[in-house]
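K.L.:
As a plain string of letters, each chain reads:
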Amino acid sequence: MEFNSLAEFIAMGRHGLYVWLSYGLTALIVTYNVMQPALHRRRLLKEQAQRLRREKRNAPSA
Amino acid sequence: MSLVIATVKRDFILAARNPGEWANPLMFFLMVAALFPLAVDPDPTFLSKIAGGVIWVAALLATLLSLDSLYRADVEDGSLEQCLASGESMYAMVLGKALVHWCISGLPLTLVSPLLGLMLHLPDEAYIAMVLSLAVGTPILSLLGSVGAALTASLSSGGLLLTLLILPLYIPVLIFAASAVYHAGIGMAYNGQIAMLGAMLALAIALTPFAAAAALKLNLSR
Amino acid sequence: MWQWLKQLYHRMGSPKWFYEITERWIPWLAIVAGVTAVVGLVLGLLYAPADYQQGDSFRIIYIHVPAAILAQSAYMMMAVAGAVYLIWRMKMAAWVAKVIAPIGASFCLIALLTGAIWGKPTWGTWWVWDARLTSMLMLLFLYFGVMAIQQAMESEDGSYKAAAILALVGVVNIPIIKYSVEWWNTLHQPATLTLTEKPSMHPDMLWPLLIMLVSTYVLFALLVILRTRNEILWHERKRSWVKKMMES
Chain Z
1 MEFNSLAEFI AMGRHGLYVW LSYGLTALIV TYNVMQPALH RRRLLKEQAQ
51 RLRREKRNAP SA
Chain Y
63 MSLVIATVKR DFILAARNPG EWANPLMFFL MVAALFPLAV DPDPTFLSKI
113 AGGVIWVAAL LATLLSLDSL YRADVEDGSL EQCLASGESM YAMVLGKALV
163 HWCISGLPLT LVSPLLGLML HLPDEAYIAM VLSLAVGTPI LSLLGSVGAA
213 LTASLSSGGL LLTLLILPLY IPVLIFAASA VYHAGIGMAY NGQIAMLGAM
263 LALAIALTPF AAAAALKLNL SR
Chain C
285 MWQWLKQLYH RMGSPKWFYE ITERWIPWLA IVAGVTAVVG LVLGLLYAPA
335 DYQQGDSFRI IYIHVPAAIL AQSAYMMMAV AGAVYLIWRM KMAAWVAKVI
385 APIGASFCLI ALLTGAIWGK PTWGTWWVWD ARLTSMLMLL FLYFGVMAIQ
435 QAMESEDGSY KAAAILALVG VVNIPIIKYS VEWWNTLHQP ATLTLTEKPS
485 MHPDMLWPLL IMLVSTYVLF ALLVILRTRN EILWHERKRS WVKKMMES
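Line order of the protein sequences matches chains Z, Y and C. For the first sequence, the positions run 1 to 62 when our numbering is used. For the second sequence, the positions run 63 to 284 when our numbering is used. For the third sequence, the positions run 285 to 532 when our numbering is used.
For the record, the hints were derived by calculation from the structure and aren't laboratory data. Check the hints yourself; a few may be wrong.
Said to hold, decoys possible - Calculated cross-link-like contacts (lysine-lysine; reagent style DSS-like; alpha-carbon spacing at most 27 Å):
#  : chain 1 : residue 1 : chain 2 : residue 2
1  : C       : K300      : C       : K375
2  : C       : K375      : Z       : K46
3  : C       : K522      : Z       : K46
4  : Z       : K46       : C       : K462
5  : C       : K462      : Z       : K56
6  : C       : K300      : C       : K528
7  : Z       : K46       : C       : K527
8  : C       : K300      : Z       : K46
9  : Z       : K56       : C       : K300
10 : Y       : K111      : C       : K462
11 : C       : K375      : C       : K527
Said to hold, decoys possible - One-sided excerpt, in silico: chain Z residues whose CB lies under 8 Å from chain C:
#  : residue
12 : M12
13 : S22
14 : Q48
Glycine included, each C-beta is placed from N, C-alpha and C at the ideal position.
Input sequences plus hints: build the corresponding full structure.
P.N.:
Have a look at this one:
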């Protein structure tokens, strides 16, 4: 272990700002990239369900 | 082959009848270069240091400006479709169009560049390097640009998009050409840079017509 | 071997097969990506010794370098997938190429941002025209170009083909751009401290980097699969297998 305390770990030998800024921004971009397909998928499934219901409703009358 | 020659001939006649096609990029070239002393510093020692880079950036932008219309008219009036249907080599066709484009954009730029050199206090030793680098470098710009022009030919507002697509591909040309001019200005050898430009030109002649021909076909497939 | 590859290729061409097989892969990929990321980050942030020149700011390497390597190889993969579509008209390849562009651009952005932040303690400014940073910037521009043309084309087929052609032209250009930028850089600022070049890295520093590299690639595979599945869901929405899957 390179660091003796949590405070020292966060300080990163005076470079804390730069290290944590880098990791924070990376986390942000990765999170967006993970969330985007999940949200998109949910929207697609919802639309698909609507379409199927509509088709079922229209089928007997047609 | 006769069709390619005919197209080249037709394009030259069109350019001669419509002077704006070759005169506008030229005027743009002069104006952009005139902006730098106004915006930055008219001091001759400073200008002589950046002259090569400024002239090259201006030449690059002027070329981009004139690329937009390279294939648009041909796509719209159906002559490209005719050409494809005729079974002529698209490779030769694209090469011919790029040659015409260079003759009405790159070549005039190369010829008037000494004038800009005077205005920007280009060092005396750098004139030959500048003309040489423009003569070898601008055909690469026309060839690479013809790929972008072919990709965006059927889009109504392709001009800005074309710039986005092509600019990153121009970086190596800009680096080597501007450095050739700069090195000539401080009395160093610049044949290495010119040789690199020559190699890039050879590569561009060999490869870009394939990409441009493929891109042209996809404009017609709809 | 050849036969097996051919069979795999034909199966990959089937959206249904891809959708069903990746259903099973996703949890495993997520676990591998997560575990390697945790292990790599703990080793890198807590156990790797500080750099003798840069101190603790060198710990940015564990995201900067994997992101930079991935961004470059993602562009290659996008071009290969695009070429497969151009030559064999395989729809799956076009969708994969399409979804790689934004993911690759994201990793390129990560590499640029972390590189710039890393530059502040190392060089004293946020941005230095360093060879690697500059060529990453050019790569980001190339990604932007591909994404711009994908959106501009009206027909779907046209957008796939145009993006593929542009990506292939870009792939030929990337080595030339890299070489010219490096050459230009040595000309203008000889022998400054480069961020990552080391005569030899201490194994305690190197191992976390390799683990993070694996983690980044697995994460990339996961992201590509997730987005490709959405493309499949959209394009195959009128096919019976999607409808059947929805009803069950």
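K.L.:
Take the hints in turn and mark each one as holding or not.
P.N.:
Hints and how they fare:
no.	hint	verdict
1	C:K300 - C:K375	holds (12 Å)
2	C:K375 - Z:K46	holds (24 Å)
3	C:K522 - Z:K46	holds (14 Å)
4	Z:K46 - C:K462	violated (45 Å)
5	C:K462 - Z:K56	violated (57 Å)
6	C:K300 - C:K528	holds (12 Å)
7	Z:K46 - C:K527	holds (13 Å)
8	C:K300 - Z:K46	holds (20 Å)
9	Z:K56 - C:K300	holds (23 Å)
10	Y:K111 - C:K462	holds (25 Å)
11	C:K375 - C:K527	holds (20 Å)
12	M12	holds (4 Å)
13	S22	holds (4 Å)
14	Q48	holds (6 Å)
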